[in-house]
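Engineer: One-letter residues, chain by chain:
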Amino acid sequence: MSRTEILDSVDEAVAGIEDGSTVLVGGFGFAGMPFDLIDGLIRQGATDLTVVSNNAGNGEVGLAALLKAGRVRKVVCSFPRQSDSYVFDELYRSGRIELEVVPQGNLAERLRAAGAGVGAFFTPTGAGTMLAEGKETRSIDGRDYVLEYPIKGDVALIGAHHADEMGNLVYRKTARNFGPVMATAAATTIVQVAEVVAIGSLDPEVVVTPGIFVDRVVAVPARRYTVEGAR
Amino acid sequence: MSRTEILDSVDEAVAGIEDGSTVLVGGFGFAGMPFDLIDGLIRQGATDLTVVSNNAGNGEVGLAALLKAGRVRKVVCSFPRQSDSYVFDELYRSGRIELEVVPQGNLAERLRAAGAGVGAFFTPTGAGTMLAEGKETRSIDGRDYVLEYPIKGDVALIGAHHADEMGNLVYRKTARNFGPVMATAAATTIVQVAEVVAIGSLDPEVVVTPGIFVDRVVAVPARRYTVEGAR
Amino acid sequence: MPLTPHELAAVVARDIPPFSYVNLGIGQPTKVAEHLRPESGIVLHTENGMLNMGPAAVGDEVDPDLTNAGKVPVTELPGASYFHHADSFMMMRGGHLDVCVLGAFQVSAVGDLANWHTGAPDAIPAVGGAMDLAIGAKQVFVLMTLLDKQGRPKLVPACTYPVTALGCVSRVYTDHAVFDVGPGGAVVRETFGVSVDELRGWLDMPLTQP
Amino acid sequence: MPLTPHELAAVVARDIPPFSYVNLGIGQPTKVAEHLRPESGIVLHTENGMLNMGPAAVGDEVDPDLTNAGKVPVTELPGASYFHHADSFMMMRGGHLDVCVLGAFQVSAVGDLANWHTGAPDAIPAVGGAMDLAIGAKQVFVLMTLLDKQGRPKLVPACTYPVTALGCVSRVYTDHAVFDVGPGGAVVRETFGVSVDELRGWLDMPLTQP
Chain A
0 MSRTEILDSV DEAVAGIEDG STVLVGGFGF AGMPFDLIDG LIRQGATDLT VVSNNAGNGE
60 VGLAALLKAG RVRKVVCSFP RQSDSYVFDE LYRSGRIELE VVPQGNLAER LRAAGAGVGA
120 FFTPTGAGTM LAEGKETRSI DGRDYVLEYP IKGDVALIGA HHADEMGNLV YRKTARNFGP
180 VMATAAATTI VQVAEVVAIG SLDPEVVVTP GIFVDRVVAV PARRYTVEGA R
Chain B
0 MSRTEILDSV DEAVAGIEDG STVLVGGFGF AGMPFDLIDG LIRQGATDLT VVSNNAGNGE
60 VGLAALLKAG RVRKVVCSFP RQSDSYVFDE LYRSGRIELE VVPQGNLAER LRAAGAGVGA
120 FFTPTGAGTM LAEGKETRSI DGRDYVLEYP IKGDVALIGA HHADEMGNLV YRKTARNFGP
180 VMATAAATTI VQVAEVVAIG SLDPEVVVTP GIFVDRVVAV PARRYTVEGA R
Chain C
0 MPLTPHELAA VVARDIPPFS YVNLGIGQPT KVAEHLRPES GIVLHTENGM LNMGPAAVGD
60 EVDPDLTNAG KVPVTELPGA SYFHHADSFM MMRGGHLDVC VLGAFQVSAV GDLANWHTGA
120 PDAIPAVGGA MDLAIGAKQV FVLMTLLDKQ GRPKLVPACT YPVTALGCVS RVYTDHAVFD
180 VGPGGAVVRE TFGVSVDELR GWLDMPLTQP
Chain D
0 MPLTPHELAA VVARDIPPFS YVNLGIGQPT KVAEHLRPES GIVLHTENGM LNMGPAAVGD
60 EVDPDLTNAG KVPVTELPGA SYFHHADSFM MMRGGHLDVC VLGAFQVSAV GDLANWHTGA
120 PDAIPAVGGA MDLAIGAKQV FVLMTLLDKQ GRPKLVPACT YPVTALGCVS RVYTDHAVFD
180 VGPGGAVVRE TFGVSVDELR GWLDMPLTQP
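Residue numbers (numbering that gives the first Met the number 0), protein chains in the order written: chain A, 0 to 230; chain B, 0 to 230; chain C, 0 to 209; chain D, 0 to 209.
Treat the hints as calculated values from the structure; they're not laboratory data.
Treat the numbers as computed from the prediction; the structure is a model and nothing was measured.
Some hints here could point you the wrong way.
Okay, derived cross-link-like pairs now, SDA-like style, lysine to any residue, Cα gap no bigger than 20 Å in a straight line [unchecked claim]:
#1 A:Lys134 to D:Ala125
#2 C:Lys137 to A:Asp153
#3 A:Lys73 to D:Pro124
#4 B:Lys134 to A:Ile139
#5 B:Lys151 to A:Asp143
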């Protein structure tokens, strides 16, 4: 038993997400993307969302489906423009969605800062560029830095490989990407995994996200999108 | 083959450390303390060192032996005062060593900042206390923060469990402590391990410190100090 | 009758909600662990890099690579995890722990904490994780005697010792009474063989009752 | 004769020191990997969380959980490691990579880089890891054609496109020549079927020779 809830269905896992929430969505392209949780969020109905994710959706599945359903007010991401990001493109060009572009490493670090209780930090990334316009800058030891603030989520939706019943998580290969930092940065972290294993089944040395960061877990059958589908 | 040097002796591993260096020393009490590297550093002879470590030595072994040998100008640590820290105590009271006390979490985060290329960061730890005197402070979203700067090392001396021949490291239990952050924060990271294993022997999912952070590795026979000895 | 340290540790343990993630400070707070029921699902954090720490190690269990923050050998429970110091203090600073139990020299009515430095001019300063722990949990409980060895109150209108953090303490467990502290001042929650008026006689501050 | 893209990728590969930790940007720089000799001990980093990345996956090797930064399926080599995004970008921002190879729209004589935005008013801005990569290696190599499709130089006195980072590029590999750039301006290291005086005719900047 632990504070982490192990739930039987995706719909239970995404219950209670409120309109206007900031939702952190893991994944880099399709790797680590919590497709089932996003589908659940679409069914759940929350709207006026701010979504923080590396990309802004591919094709018409996952994040793109959420955007297409009209639930997203703003996207905070590093790279919205992909060959198959036409759902986002159309919303953006027609002025129906806001966009904040954040360099990928600053995105990861701002999420980490939220999880780590850091109030703000000086990063060299973006200094001297148009993405630093209007931001506080400072020269430290002869190098230029931009002050960046944490990005906190109300909810994080994450895909991981296995969870134990305490919510400890392990990931698989490059599907790890944003999951571990987003798990720390949200008030409520919801994780879909391929399998929930018994307490004691994960070696304590190899846990990547300790259960303290994990609120809800649901196991879903593997549903792999082909990589071709992701382009 | 890799950039990481796998060396046959402790003396080769610590060769070239210069007088006046800032040396990051891993370990928390005796767990993870790189005893053999410190002994090697004493033989090597570098002096006028600034040592960054959580404690300031126990008994007359390890860090305490380095202090006793008169090689340390300044200690940066969170907790110098222990029941058996008499070597440090005497140096400090007689004005022969400088001390900078840093809250333990700020110490870890300042080391991480050095490794992560963060120019400075606002931390709530220490705000409103005498350890914040003279430092820049700021209120962010109604909370008080202190601006802290990175702590960079010229050299890090670290104890880990196993290394592979590319310098990838795994640790053991709470002996992990400061090793992974110090490895990122030093120009030259030197590691003693119980065993060097072949490339391919470590599961890529469980590597804690990737070899990119590791410059030199030496395997030394286990030499465990009893915990009684550490008090 | 005032509580013994053992009894007081049990009172603290009773008040920690099930399934909480908890850090117990070095010294007396460590004793709270002895009173946590396994079925409570409470998970102990130790800032040197572990969650789900078990009891002190005995005999062959002793492993120099596995200690608590007081450098005492401990054990691991099923479901444990290990992590490095930056990640460990991220858990604290980021507010992920539910409860932290600390000792103190002084606590003020508004929850300022002094527990790292007596202010003695010849003391070697040493803070360890005290400041990080003080700011790093959703609730900070202090466990201390109400009076020091000279009979002076340790619950004070304002700390005279150097502070560890401001306004961080939410509750103070003492041998004579339990107090909530915070912006509204001290509130007596529970007394042990003493009346609230008697407490008012000892303490130099207004005391309210819930 | 100007070099083909294939030949130019080989020139870049030749110049990367053995045992370097290297990030190859999306697009043309990715091709440099094909020219790295296994015995060089060069380790490839991909910013989506891996060191010692192997070649593109083929057939049964394809695993949706294992891609490079361009989202192309790749393989892992022995001695690989995986890590999360904050740790991955820490490697870059902290200056731990030896070499990063990037494409560019423009590079200035002092090493300013423009490779993320054409400045077109209707373009959807998208930066990805470009700014982190630009500031995040001990040496940043740019691999590009010397002239754009309209015949205009891409090595320029000052970038007219929005910059990715200032003063970050150390060397520029083009089909016609290789240049060092930096505070001292552009230095011609090597030419491919063109004289330095001809280059001077094309480029609007002083060119020196080592």
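Engineer: Below or equal to 20 Å on CA atoms is what counts here, so check Lys134 of chain A against Ala125 of chain D.
Structural biologist: Roughly 19 Å separates the two Cα atoms, so the pair holds.
Engineer: Take a quick look at whether Lys151 of chain B and Asp143 of chain A sit within 20 Å of each other, Cα to Cα.
Structural biologist: Status holds; Cα separation ~18 Å.
Engineer: Mind checking the alpha carbons of Lys137 of chain C and Asp153 of chain A for me, to see if they're no more than 20 Å apart?
Structural biologist: It holds: about 17 Å lies between the C-alpha atoms, which stays within 20 Å.
Engineer: Does Pro124 of chain D lie within 20 Å of Lys73 of chain A when you go C-alpha to C-alpha?
Structural biologist: holds (14 Å)
Engineer: Given the hint that Lys134 of chain B pairs with Ile139 of chain A, does the C-alpha gap stay at or below 20 Å?
Structural biologist: Status holds; Cα separation ~15 Å.
Taken one by one, the earlier hints all hold for this structure without exception.
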